[in-house]
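Asks: Based on the hints, put chain B in the right spot on chain U.
Taken in order, these protein sequences are the chains called U and B. Going by the numbering used here, the letters in the first sequence line up with residues 1 to 721, in that order. Going by the numbering used here, the letters in the second sequence line up with residues 1 to 721, in that order.
Keep in mind that the hints are not guaranteed to be accurate.
If several chains are the same, the list does not tell them apart, and a pair holds so long as it fits within one copy or across any two.
[Claimed, not checked] Simulated crosslink set (DSBU-like; lysine-lysine; CA at most 30 Å straight-line):
| # | residue 1 | residue 2 |
| --- | --- | --- |
| 1 | Lys700 | Lys690 |
| 2 | Lys631 | Lys467 |
| 3 | Lys440 | Lys96 |
| 4 | Lys59 | Lys111 |
| 5 | Lys440 | Lys92 |
| 6 | Lys467 | Lys197 |
| 7 | Lys207 | Lys183 |
| 8 | Lys544 | Lys625 |
| 9 | Lys673 | Lys111 |
| 10 | Lys59 | Lys394 |
| 11 | Lys711 | Lys141 |
| 12 | Lys436 | Lys529 |
| 13 | Lys689 | Lys631 |
| 14 | Lys92 | Lys59 |
| 15 | Lys59 | Lys96 |
| 16 | Lys467 | Lys363 |
| 17 | Lys96 | Lys436 |
| 18 | Lys529 | Lys700 |
| 19 | Lys141 | Lys59 |
| 20 | Lys690 | Lys664 |
If you are wondering where the hints come from, they were derived from the structure by calculation, not from laboratory data.
Number of protein chains: 2
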Amino acid sequence: MKWTFRKLLLLVILLQATVQAFSANATWIWYPGDYELWLGNNLQNRRTERGTFFPPFWKMDSHYSLVEFSTDLNLAEQETITICAEGRYNVKLDGKFYPGMPDNVLLPAGKHSLNIKVFCLDRVPALYVQGKTVATGSQWKATFEDKEWIDASGRTSGKSGTIYRHAGSWNFNTSSALPSAYKLPVSPMAAVSMEPKGKGMLVDFGKETMGFPLFQGVEGKGWIRIYYGESAEEATDTLHCETTDQIQVTAPVAKLQVNDSKAYRYLYIETDGGATFKQISMLYEFAPVTERGSFRCSDTLLNRIWDVSDYTLHLTTREFFIDGIKRDRWVWSGDAYQSYLMNYYLFFDSPTVERTIQLLRGKDPVTSHINTIMDYTFYWFLSLSDYYLYTGDKTFIEQLYPRMESMMQFVLSRRNSRGLLEGLPGDWVFIDWTDKEMSKQGEVSFEQLLYCRSLETMAECAGLVGKPADQARYEALAASVKHILLNEFWDQSRQAFVHNKVNGQSDGVVTRYTNMFAIFFNYLTDKQKEAVKTHVILNDSIMKISTPYMRFYELEAMCTMGETDYVLNEMRHYWGGMLKAGATSFWEKYNPEETGVQHLAMYQRPYGKSLCHAWGASPVYLLGKYFLGVKPVAPGYSRFEIRPELGDLNWLKGSVPTPNGQIKVYANARTIKVSASEGEGYLYFKAAKKPKASTGMIEKMASGDFRLLVKGDGQEIVVTR
Amino acid sequence: MKWTFRKLLLLVILLQATVQAFSANATWIWYPGDYELWLGNNLQNRRTERGTFFPPFWKMDSHYSLVEFSTDLNLAEQETITICAEGRYNVKLDGKFYPGMPDNVLLPAGKHSLNIKVFCLDRVPALYVQGKTVATGSQWKATFEDKEWIDASGRTSGKSGTIYRHAGSWNFNTSSALPSAYKLPVSPMAAVSMEPKGKGMLVDFGKETMGFPLFQGVEGKGWIRIYYGESAEEATDTLHCETTDQIQVTAPVAKLQVNDSKAYRYLYIETDGGATFKQISMLYEFAPVTERGSFRCSDTLLNRIWDVSDYTLHLTTREFFIDGIKRDRWVWSGDAYQSYLMNYYLFFDSPTVERTIQLLRGKDPVTSHINTIMDYTFYWFLSLSDYYLYTGDKTFIEQLYPRMESMMQFVLSRRNSRGLLEGLPGDWVFIDWTDKEMSKQGEVSFEQLLYCRSLETMAECAGLVGKPADQARYEALAASVKHILLNEFWDQSRQAFVHNKVNGQSDGVVTRYTNMFAIFFNYLTDKQKEAVKTHVILNDSIMKISTPYMRFYELEAMCTMGETDYVLNEMRHYWGGMLKAGATSFWEKYNPEETGVQHLAMYQRPYGKSLCHAWGASPVYLLGKYFLGVKPVAPGYSRFEIRPELGDLNWLKGSVPTPNGQIKVYANARTIKVSASEGEGYLYFKAAKKPKASTGMIEKMASGDFRLLVKGDGQEIVVTR
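Okay, chain U solo, but in the shape it has when bound (with noise of 0.2 Å):
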């Protein structure tokens, strides 16, 4: 035999395919989003209060606690495969029972029908199958009822009705990794003070952080007392601050850990009763996620403001989104929409977003507004829209699109006569948390502009999974919603939407929510925009935002209207304000007109605001998407476009994380340097005169506006200007 080219290349061909054959990778599947809720209900029932326990108040789903799994063979030859489940199982091929709950079985060759049923109600029914060639994975099939009964004959029924989805997983990739063992991982960490106080001592970890408290060499018998502190003031008051532990000592141990990890900077600690202890250190808990976003520029300030934001973020991204890291610990549709937007200029972490959806979405019936919040439901629908545009994931909006659909049929069996929506008994009208009362009655504009969003969105999703009837309806419904607000809620005399109409009557109180939003949204003209800018946002008697929450939208419609001094000049002032009065993560609220201890009060509570709160880190979205100005313009950045804005700043660089690569961005006021690595996409530059790149052809839109192709191949282009 004469080994030819072609021989060869077949050959390869073939040892590929037996070493892929060979290396089938199985993870362990489940319902999809079934171990989503069964993770945020063992997250968001770990609050604490003093020690007491403090669960959320709407609902908590469940998993299905009997799944069948399945999927179709067609063997080359005959294998084995190992089973590994949570739970009690049974094992069928082609609908006949293999023996008892077997750790293996032999697969005949040919095509098959594969079926493994899965039974556990303390943690969610999960499967781990391991062949040569067969893997658990999400091609695998999941259904909660697969409805095939035995009719007299012994034959399993031929006609099914059952709905089959795509079996949930995420990254258990060995037989071991039991997914109800999943725990976030931990690193050691020193305190950088300790000093005695009172009758006790107080540890200082030098900045924000959570994790749980580890004494070591602790004895005698009595109690160790540990007040908790974002701040020392808190950690300190042992009467008022906001977590304790309380830990009872009874005996010599080499190494005691707290059992449920807390955020403080400081801890202030007390033993009663002839408890000692020889050290304390704490293991930080994180949530392991990659910082794939960077951004560096003249300004140290900024910087820094990045790196506390960067630092927020991180902290508050646990197993899910959550608000706060001291409280509530909880996952809020409208705090988890920003932490998204963040995420996609910081950690790209697709696995998080999509598991926080899915644990607000929860399951059918729909007994309420996601977190009983009006306003987060309809962010619940945004964040669709936002997650297909940037990971570019189909499957996933097809998988959530009837819980989409439920989610909105609750909504509009809600509206009024007028087909708007009001809160009714049990809606909570959130908005913003404001200093001033502000009016929550009657049609509240915002709640309109966001309603009209989230039928655009159904309109949109409908669209992605080839339902062309449900897009025309949704259009349709969102078209007169959209109609109503421009013609109803926009006040001509003040240039301005109006904050709401009780009664059909609106009090000509205008807030500054729907304006701003309105404008990203891009629901108005220029003009109006123009007109919103100078009317309301730098009009200081509308009332003034105090919360990073709603500044994150206010700078963002700014930095849409190409102010860019103005975002860079508010983001020293508030977030500067901050670090300024000591933040190291930013803060649930901020007032810049309070001081000191007022900086730490909230709910009428001494220390009720929470110091590390996801929404305070915008600055890590705004200056990725607006300053470095990468984003995607078609799904998964498959097109995406660069629009560096320098504002006052010498230069900036840094990078925007995408699905599977990096867009880098370098600029100074003669030089921008980019490099994509997957996609492609143009960089939009200004320039005085005639621009030059080190490769490909520089377009000239208008005067002063170029537009040059950035391939994703990694190259770097530079721009010289």
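Replies: Just chain B now, kept in the frame of chain U:
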């Protein structure tokens, strides 16, 4: 001070009140229906087939993991309550936390609101609170979402959209009687014979039973292999018996009990590898229900039929009413429906009825017919009407009404263009097991009949819960279905309902089901009923029924037409036939034309048939309702009637349970004796000459027909005729 009678009376009343105050009896509470689901998930997932886990193929719903229990207090003086919970909990008084997870708290005097929130994933969140006057019970409210947010001012929200329900409870009346620890009681039982057989030993317990085989004096190393048999043939056929257990012995054990209870009369036991045991007996496992009904008559065969029916129903009454004790050990709505009716004449155990009804219904959303079977959905509706009539428990209907509505909404959403129901993909149109093929295609008249009755039940319950608009809507729907049924499915030439219509056409086939049900549903004129009797029931060319399941209704139809001799003879022949064939409990199916081991086979498996099936026990119902002749005519036996029917018997006697008492009946040709301990009703009887009564006034209704008012005072009335 002079002790007048009046003063003494006041003192007694005062003392009574004090005693009551100290004896507030707590019981464990939970979200209504949730414990039932949890218990049912455990029960229904215990089935094995030859050691292989064999779960149901319909949706298993789960409990809410986070539940808030609350009650309003009005305390004359302060009191301490002790708190026990299954799960993690917190305690709030007037919206303020007590610290930690307190075992007991002091409640101040006055009006207060007490809230306790419990979280538990693996068991049902449950609560037990006992104070001097405060005690958990069904008067407590429960919700799975309190929607109680805290606004910026630290206040909880005022306007709630929360739906509270009455807490669920059963009989867990001490703090240590944890609902999650519930087990059916057991009692030791010895075998009646043991004999060596083949390589092992055949053990006979003398009759069908259920429980845990118990080995004593186990020694050596090796295996004990247990083959269960409802028949000796099954037990000794080690390759085909339906259930087995294989126990590995590795060290001496004084007592070795099998893990899960099984159904059997015979055990065939083999040991190998050197394992030995000294004794084999069992622990009989049973539901702690009381035989409150009784029946005796002059025919010993009928007495034995009643006794075996009683035993069959007791065996199949477990945590819930299941179908059969060998298999499926699942809760099937059509089977349970008959158990409820029998139960009203035997145990009158309402908690088991309530549990079963709740488990069958599950939670929203409805994704399938109950047990996937269309007819089974309808029996579920019918069961509520019966439940109310027999128990008078309106609260249960009120609690369940929302889930009745959503179940009916599912049905309505599946109507065809004529407003009728056909089997859609995933729907099992069952009707009955038949020996010949029976069409399930198109509009099956039996399904329309049950659908119509279900709509009538919805109307009745809507009226009961004060929803007249719903009532009118369901009445109109029922009337329209009934109109089609009577006009389009009644075949004038055949004087019977046809079986079905496919594309509007009937092939003229007549089956018994629709026809016999229409008699006792009273949908037919007397003339039509007589025609059905002649042309269908007594017509041997119409496919015969070979399950006790449908014989139940066939005989009920004949009972309502006064065909008592026919019914008694059929009982003797059919149920007597099973006894003659060796039955010690009644079977899933019985075809008198079969012989020997043919009786054991079903589903193409030699021992597939269940020899202890609830639906075999109908004589308990028929003899109580139509021969003792006792039934309620107003809810909860507030009004009843007694129509003793001797048929060909010399005498009969017995008692029928009522919610809080019983009705006793004795009759022979000359004398009737009755007493009732609650409610009131008429005794109806025939007499050739003028009858006499020991008390009360006999009214003549028509020639030979008389009635006499019976008061619920327990006094026996003797009528001589």
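Asks: Of the numbered hints stated previously, which ones are contradicted by the structure, given in increasing order?
Replies: 6, 9, 11
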